[in-house]
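*Asks:* For chain W, the structure is supplied; the task is to place chains Y and S on it using the hints.
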Amino acid sequence: MSDGAFGDTARSIAASSHITERITRLMTDYSAVIDNDRLESWPDFFVQNCFYSVIGRSDHEVGRLAGFMYCDNRDMLVDRIRSLRSANVFQPHRYRHIISPPRILAVNGDVVRCETSYALIRTSVPEGAMVVFSTGRYLDEIVFEGSDAKFQRRVAVTDSDRIDMLLVIPI
Amino acid sequence: MSDGAFGDTARSIAASSHITERITRLMTDYSAVIDNDRLESWPDFFVQNCFYSVIGRSDHEVGRLAGFMYCDNRDMLVDRIRSLRSANVFQPHRYRHIISPPRILAVNGDVVRCETSYALIRTSVPEGAMVVFSTGRYLDEIVFEGSDAKFQRRVAVTDSDRIDMLLVIPI
Amino acid sequence: MSDGAFGDTARSIAASSHITERITRLMTDYSAVIDNDRLESWPDFFVQNCFYSVIGRSDHEVGRLAGFMYCDNRDMLVDRIRSLRSANVFQPHRYRHIISPPRILAVNGDVVRCETSYALIRTSVPEGAMVVFSTGRYLDEIVFEGSDAKFQRRVAVTDSDRIDMLLVIPI
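Chains W, Y and S are the protein sequences, given in the same order.
Numbering-wise, the first sequence is residues 1 to 171 according to our numbering.
Numbering-wise, the second sequence is residues 172 to 342 according to our numbering.
Numbering-wise, the third sequence is residues 343 to 513 according to our numbering.
Do not rely on the hints blindly, as some may be mistaken.
The following label-pair restraints were derived from C-beta to C-beta distances [stated by the list, open to error]:
1. Asn450/S with Glu232/Y: 43 to 53 Å
2. Ser86/W with Ala448/S: 54 to 64 Å
3. Val420/S with Asn49/W: 38 to 48 Å
Some chain S residues flagged as far from chain Y (calculated, every beta-carbon gap over 10 Å) [unchecked claim]:
4. Ile355
5. Phe393
6. Arg399
7. Gly405
8. Cys413
9. Ile440
10. Ile441
11. Val449
12. Gly451
13. Ala461
14. Arg479
15. Tyr480
16. Phe493
17. Asp501
18. Asp503
19. Ile505
In case anyone wonders, no lab produced these hints; they're calculated from the structure.
Ideal placement from N, C-alpha and C gives every residue a C-beta, glycine not left out.
Isolated chain W, as found in the complex (with noise of 0.2 Å):
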């Protein structure tokens, strides 16, 4: 064939195009329900075996899994949003998600880690005062199963060791 070599190139590059469209995708997707308010879509963006955390730098540095919020199946997640739901009659905040472009830093068969900064706002309403809530970076280890990618792994490290206030959306 003509194209030979460079055949294979371009669909090498679409090949890795592709998978950073996927990965890309998948944090903007999740993004969304949260600052959109579909809290209980949040869970599907996880394969049931999964772990989710939030965590401070520090305590993350010294090798700690626990911090702000742990979850370590998807269960679990389902129920961090029942409770919110139901100890919440209104939310009088707003979020919003602002993240870099994701970085992939390993691919090892079907598993994809990276490693994406992302800055948290919050609103409050009906004041309209908008503050830095959290800024950090998400450890990531994701799986596609069928044609969606998912969360096998989540670890959201914030650049501070507090969260001022109950933490009660997950990140």
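*Replies:* Quick look at chains Y and S alone, frame taken from chain W:
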């Protein structure tokens, strides 16, 4: 041809990446004309028969169209920049848009619908005080005019229901 | 070959996506070494004969080169990190870069020029107070050394004309 179905997949991925790249570039070009104070070029991002508004989330959710700013054709955008320029001899603020990667929601014929999160940070000059001025998401309908991607509809839904000053620049 | 002109287009799109991906990755890798406090790796992002500066927008607009920080070869970058490490026994702040997708402005032979918006958020430790420390844009000239993309020139133009403390880390 030997690359058969795989070649088709590579082409389809390349086409999808291409749309994502063009849409992403439209978003960053749009931000740049505002942030670099080249506002006279801002209406060029829209088709003549366009719709542009900036609206608080509560108003948007109950179906209102008019919010902090409302324009239903490109001439209104041109007028807005003209009046902004004549009213302000000196612009005492600088703006910076930071956006997440865009989420393409649908491609219907020639129209691409997408949603993009933004944070807009304002710096006062010469003091240098920085505040998060607005966060939210763009809800867009984009069409292609020749080689250009343009907004047929752009609605900036702000997370806050209030904007704490006269909104003079577009978001 | 049956894919003819379309195959060429697919290849050209793949090549363009490939440059975009490499440039994007350079931006996020650069942010990560600063945010993850691996500053010793920071000079590796530059060619030996590089130019790096951090400058306020007003100074930049009137053509000045020297601003808050100015280095015209990689050894100066290495020195800067060394003196920063010797001066600070404990770093009381953490930094987080959030960037918009980069805008590639031109590809001239081996040099890619691009512009990327950033927000840099600083968290104090252990208090956890977060402030927007700087926003602005990178104006870059990037070259490829083998498989690596490196900065030949990086100018961080800050939206503020002041930086409210001794600028110790690079932006």
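*Asks:* Test the statement that isoleucine 355/S is away from the interface with chain Y: the closest C-beta pair must be farther apart than 10 Å.
*Replies:* Contrary to the label, isoleucine 355/S does not stay out of reach of chain Y, its closest Cβ about 5 Å off (not over 10 Å).
*Asks:* Should the label of isoleucine 441/S as a non-interface residue stand, given a Cβ cut-off of 10 Å to chain Y?
*Replies:* 7 Å, violated
*Asks:* Can we trust that arginine 399/S is non-interface, i.e. its beta-carbon lies farther than 10 Å from all of chain Y?
*Replies:* 7 Å, violated
*Asks:* So arginine 479/S supposedly isn't at the interface. Is its beta-carbon more than 10 Å from every beta-carbon in chain Y?
*Replies:* With a cut-off of 10 Å, arginine 479/S comes too close to chain Y, as the shortest Cβ separation is near 7 Å.
*Asks:* May I ask you to test the hint 43 to 53 Å on the CB atoms belonging to asparagine 450/S and glutamate 232/Y?
*Replies:* 48 Å, holds
*Asks:* Say whether it holds or is violated: phenylalanine 393/S keeps its Cβ farther than 10 Å from all Cβ of chain Y.
*Replies:* 21 Å, holds
*Asks:* Taking 10 Å as the cut and beta carbons as the points, is alanine 461/S off the interface with chain Y?
*Replies:* 5 Å, violated
*Asks:* The output says aspartate 503/S does not contact chain Y. Does that hold with a beta carbon cutoff of 10 Å?
*Replies:* 6 Å, violated
*Asks:* Say whether it holds or is violated: isoleucine 440/S keeps its Cβ farther than 10 Å from all Cβ of chain Y.
*Replies:* Per Cβ check, isoleucine 440/S is inside 10 Å of chain Y; nearest 5 Å; violated.
*Asks:* Minimum Cβ separation between glycine 405/S and chain Y greater than 10 Å?
*Replies:* Given that every Cβ of chain Y is farther than 10 Å from that of glycine 405/S, nearest at about 16 Å, it holds.
*Asks:* Can we confirm that no CB of chain Y comes within 10 Å of the CB of tyrosine 480/S?
*Replies:* 12 Å, holds
*Asks:* Using Cβ atoms and 10 Å as the threshold, tell me whether cysteine 413/S really stays out of contact range of chain Y.
*Replies:* 23 Å, holds
In summary, the numbered hints that this structure violates are 4, 6, 9, 10, 13, 14, 17, 18 and 19.
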